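Asker: Construct the complete structure from the given sequences, taking the supplied hints into account.
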Amino acid sequence: MKQARNSDWLFHTYMVIFLLYMLVPLVIMGGAAFNDQRFPSILPWKGFTLRWFGELFADTRMWTAFLNTLLVAVAVVVISVPIGTAGAILINSLGGKSRSVVYALMVAPILTPGAVIGISTLLFWNTFGVGAGLHLSVLGQVSFIASFVMLLVLARLQSFDRGLEEAALDLGASHGQVMRRILLPHLYPAIGAGAAIGFFQSIENFNVTLFTRGTYDTLTVYVFSKVRSGITPTINALALILIAFTLVCAVAYEVNRRRSVRRAAMLGRVG
Amino acid sequence: MKDLINRYGTGLTVLFVGLTAFWLIVLVILPNIYLFENSFRPYLPVVDMGGPKDFYSFDNYLKFFESPIHIRVFFGTILYSSIVTVICFVIAYPVAYYLAKVASLSMVPTIFLLLFIPMWVSEVLRSFAWFIILSFNGPLNLTLLGLGVIEDKIRWMTGFRSVMIGLVYTYVLFMLFPVYNAVQSLDTNQIEASEDLGAPWWRTHWRVILPHCKPGIASGSVMVFMLSAGSILVPTLLASTNSRWFTEIIQQWMFESQDWNTGSAYAFLLLILCTVFVSAVMGLFKVKLSDIAK
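So the sequences go chain by chain: A and B.
Final position of the first sequence in numbering that gives the first Met the number 0 is 270; the numbers increase by one with none missing.
Final position of the second sequence in numbering that gives the first Met the number 0 is 293; the numbers increase by one with none missing.
Treat the hints with caution; some may be incorrect.
Said to hold, decoys possible - Sample of chain A residues with no beta-carbon within 10 Å of chain B, all distances over it, derived:
{"hint": "1", "residue": "D35"}
{"hint": "2", "residue": "L55"}
{"hint": "3", "residue": "D169"}
{"hint": "4", "residue": "R262"}
Said to hold, decoys possible - To give an idea of the interface, some chain B residues facing chain A are shown, with a C-beta separation under 7 Å as derived from the structure:
{"hint": "5", "residue": "L3"}
{"hint": "6", "residue": "G229"}
{"hint": "7", "residue": "A266"}
Hints listed in this document are in silico derivations from the structure and should not be mistaken for laboratory results.
Bear in mind that the values here come from a model prediction, so they are computed numbers and not experimental data.
Cβ coordinates follow ideal geometry from the N, Cα and C atoms, glycine included.
Answerer: Right, dumping it as structure tokens:
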């Protein structure tokens, strides 16, 4: 049992300040989307307007960027999830020296600056006559997003009971069946988390995309170029929509988590 | 390998190995080798490629070492990224400790939910938020003026001040989460034992909690430093003319000069910097790579 202490109010205050520090900038950014003023700011308040949303929806370049972003994100998830999962299963069966070497190679992309990944991908494929474009952005992003998937799946594999596989094989299951019916179902939560994280990472990605995109826009690149070349609150309108989307995902995740906690608690009571 | 074949058969093993090999060789190793190789070659028009002028030299790297400005920017990037890393730790540690050991268990998920929002909002928007806040006629100046704290508007975006403000805001959560995990894994009894034995609060932190958190601190520091030094968005949006970041120079070579060879030499220097930093942290904190990348 935690006991209350005198210093607790200090911590509570600090926590509140930290949360404000994290959230108020986003509120300011979102609020500016409704301010009837050309330069995005919430102060001075010139009146409520929705016209920035109208301008945003009328911007065809934004819609192209939006579709490109989705396309890249889906492609990245589709490629990096199998790769990361295969990598995790493979490294889980390795031991000793080879394990640490392969492991280092697998996590290295996470610790490599995005600019380096972007430039090296661009140079490599360019040597073979493959020009810059969204396909290179996908490959560059896969190289480090697969690492995240690998780490998640590897962590899940630690709790896997090998005896189940052996039992299935002894009972005459084929290797494909063992994989499909025993190993993969155990890994699904990690694979799902990997896909979600990969999707978000890809949408957010800027550094790798900047060097590999060629002339294509993604949302981050679009926002970036807008901020540099004369901003209007349309960017704030876009930001607000993206934050709202994040918020919905976060709340859905939390509701889902609480429901499963409650279900587990109820099962515990019954059992 | 034999183990894999026994468990999943030859077909699936080939699939696993094939996918992993594609990832590690085609997407990771070869591009970096090409980056390295290209950084030693001159920037030539297409017709001269493979011709007599196309030979290996250190010219691209000499461009760096002969330019005092670039060297200064390089070390400036290291210095300010290190400061950002330290500030992030100072800000995040009390929060991590609070969440792990002080806050009531029912509150923690809600707080995490609130923290996930800025975490999943993209970097470009997080720096854009500060671009608005710090602008000359922005909310920060107007609020401070209104409160009477300052008499004249402050030009926030000069020097590295605004870059550091932006970087700390953008990356502090990458410090918070690993440190939180580390504090959380410490048995609360150890803290109580230390207090029962009469240690003042700071000694409990210094001798019990912090040593236990070393892997978390190492992991957070590596992430924050690497992301800061490699950041393109924050310095470009929040920097002024007198504060340049190393990635901006890489961008100049790549896009303005279209000199990809010198660009790759500079990118390689950035890669070396990050490798050295990761190794240094691993040595200093005596942790393994698997502790850092989790």
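Asker: Each hint: holds or not?
Answerer: Against the structure, the hints come out as follows:
1. Against chain B, the non-interface label of A:D35 holds: every CB pair exceeds 10 Å, the least being about 16 Å.
2. Interface exclusion of A:L55 from chain B stands, the closest Cβ pair being 14 Å apart, more than 10 Å.
3. No beta-carbon of chain B comes within 10 Å of the beta-carbon of A:D169; the shortest separation is about 12 Å.
4. Here A:R262 stays apart from chain B, with its beta-carbon at least about 16 Å from theirs, past the 10 Å limit.
5. Hint status for B:L3 relative to chain A: holds, with the closest Cβ pair at about 5 Å, below 7 Å.
6. At a threshold of 7 Å, the smallest CB-CB gap from B:G229 to chain A is about 3 Å, leaving the interface hint in force.
7. Restraint check, B:A266 versus chain A: the minimum CB separation of about 5 Å is within 7 Å; hint holds.
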